[in-house]
Amino acid sequence: MNKTSSKVYLAIRWAVLLLVLVAIYLPLLMIIVYSFSTSQSVGGSFGDFTFRLYSKLFENTKMLSALKNTLIIGLTSAALATILGTTASVGIHYMRRKLRSAVDTASQITVVNAEIVTAMGFFLLMIFLRDTVKVPVNFSLWWLIITHTVITTPYVILTVTPRLQQLNPNLLEASMDLGAGPMKSLFTVMLPQLAGAMVSGFALAFTLSLDDFVVTNINSFGANIDTISTYIYSGIRKKGIPIEIRALSTIIFVVVLTALIVYNIVKNKKAKKMAKKA
Amino acid sequence: MKAKKAKVFRPTAFAFPYLLVTAIFVIVPLILVLVYAFRGSDGSFTFNNFRQVFTDKETLTQLGKTIGIAALSTAICLVIAYAVAFILASQPFKKMAILALLFIIPMWINFMLRIFALQSLLAVIGIGKSYWAAVIGMVYDFFPYMLLPIYTVLVNMDKSYIEASRDLGANPVQTFFKVTLPLSFPGVISGISMMFMPIFSSYAITKMMGDMNTTVIGAKIASLFENVYGDYGYGSALSFVLLIIVFIVMLVGNALSRRTAKVPKGGKA
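So the protein sequences, as listed, match chains F and S. Sequence positions in the first sequence follow the numbering used here and run 1 to 278. Sequence positions in the second sequence follow the numbering used here and run 1 to 269.
What the hints contain is simulated information worked out from the structure, not anything from laboratory work. It cannot be assumed that every hint is accurate.
Stated by the list, open to error - With a straight-line cut-off of 25 Å between C-alpha atoms, the simulated DSS-like cross-links for lysine-lysine are:
1. K220(S) - K7(F)
2. K267(F) - K207(S)
3. K159(S) - K238(F)
4. K272(F) - K95(S)
5. K220(S) - K207(S)
In isolation and in its complexed conformation, chain F is listed as follows:
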């Protein structure tokens, strides 16, 4: 290839990347810009630069309670999924091969299944428990926390298992042979080694829970609980989503971006440290 054609090739590749980046970020950018305007529609006449939508956001109890529910469900279910997934990974790790592959397959069911089928499976289970078994339960915040825990736990297992495989397989037995009980061995020997993977698993479970719509939509049946996803969904469908949603969106975009950038800086620093040590 001669010099001009390789320059043209480079320019074309830059153009493609920039075009896609603009397509990805332009919608988000517009929401951010219009979060400082009281214009009824995004793209309408901007008017004065104002923080009105932000103050309105803190008066909108429905929107705030959707945010609160999203965070409660996300944090609680991610914590439960991390505990359940980590202990499960340790247990599965010590299983015989046949049993292990059976459990692995079972844990993949909700991952590969269509989400709507998983969602209505939970729905039928609740109906069954409530109406047939007559357990005093109903669709509630707790039910959403449980369903989110069930769908995110496999992802924690997927995150923790590779780390577990890097550890010395005799670690747990050595600890127990030396007289520590199983619980003490788990907490003082295994878990410190898995801490990093558990944090990643928790973060993954948390984001998956925040992003969920289908399971939440079907399983908040009659409970009158909204998360951000279901709130926006019903708002847009009823053509009545309050404009302060733009302020909330902006806050979420900024928080996510900051968290990711900080995470990547910390990760790069750690990698550099490791490289120095080696």
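Position chain S relative to chain F; hints supplied.
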């Protein structure tokens, strides 16, 4: 000695809570779907729900439409994501780690907020609720999930295959179609599987961005459960059919990736 060992705690027991949860919340619901699918409104065993699924013209059309919009959106997303992944994995972009991250970041932002943002932008340009708006919504939503596996495969690909192909006289186009593309197939398959089936459940996107005629089968199932006197039998039969489709798609995906994994014979892979 043996008796003593039986008393000793086995580390596998740590998995028991999870196994219990899986049994109650994953296995039992699947059994319930099966039971309801074969149960008539009077509680007796029946094939009526399935007969209804396969004779109801509306449901069949919806199923066809779902496969149509899923295939179309996945194909468009695949082409764009492959081009971006290919460029990102080439020099000089390969060295810019932050650049690739910029394309993946939307994965961590709530998809409903992103759809809301996209819808606002499309409204500004004058694209209202329509079939194509829904397709754009799907592509926009699933793009990072399609990009990530393809990019990972391309960026980690052993460049000696490409050099060998060039040394042996293949031009860049031949090298791409005969070497790079087949080697990146596992990433492509994993990207497709992250998008194609999930679209079946993406009724939020079709309802928010599509017109009256744009729909996915998930919307139908959701509607059967949404009201108090929902038709659980019909919904379950439909879900059962979806389960079978998931299973077939998975088998095809596995077979394809196993076949393509054999391509680089004698290589590191």
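Checked hints:
Distance check on the hinted pair: K220(S) and K7(F) sit about 52 Å apart at the alpha-carbon level, beyond 25 Å; violated. Using a Cα cut-off of 25 Å, the hinted pair K267(F) and K207(S) is violated, with the two alpha carbons roughly 40 Å apart. The straight-line distance between the Cα atoms of K159(S) and K238(F) is roughly 53 Å, outside the 25 Å bound, and the hint therefore fails. Using a Cα cut-off of 25 Å, the hinted pair K272(F) and K95(S) holds, with the two alpha carbons roughly 16 Å apart.
Proposed proximity of K220(S) and K207(S) is supported: the alpha carbons are some 11 Å apart, at most 25 Å.
The structure does not agree with the numbered hints 1, 2, 3 stated previously, though it agrees with the rest.
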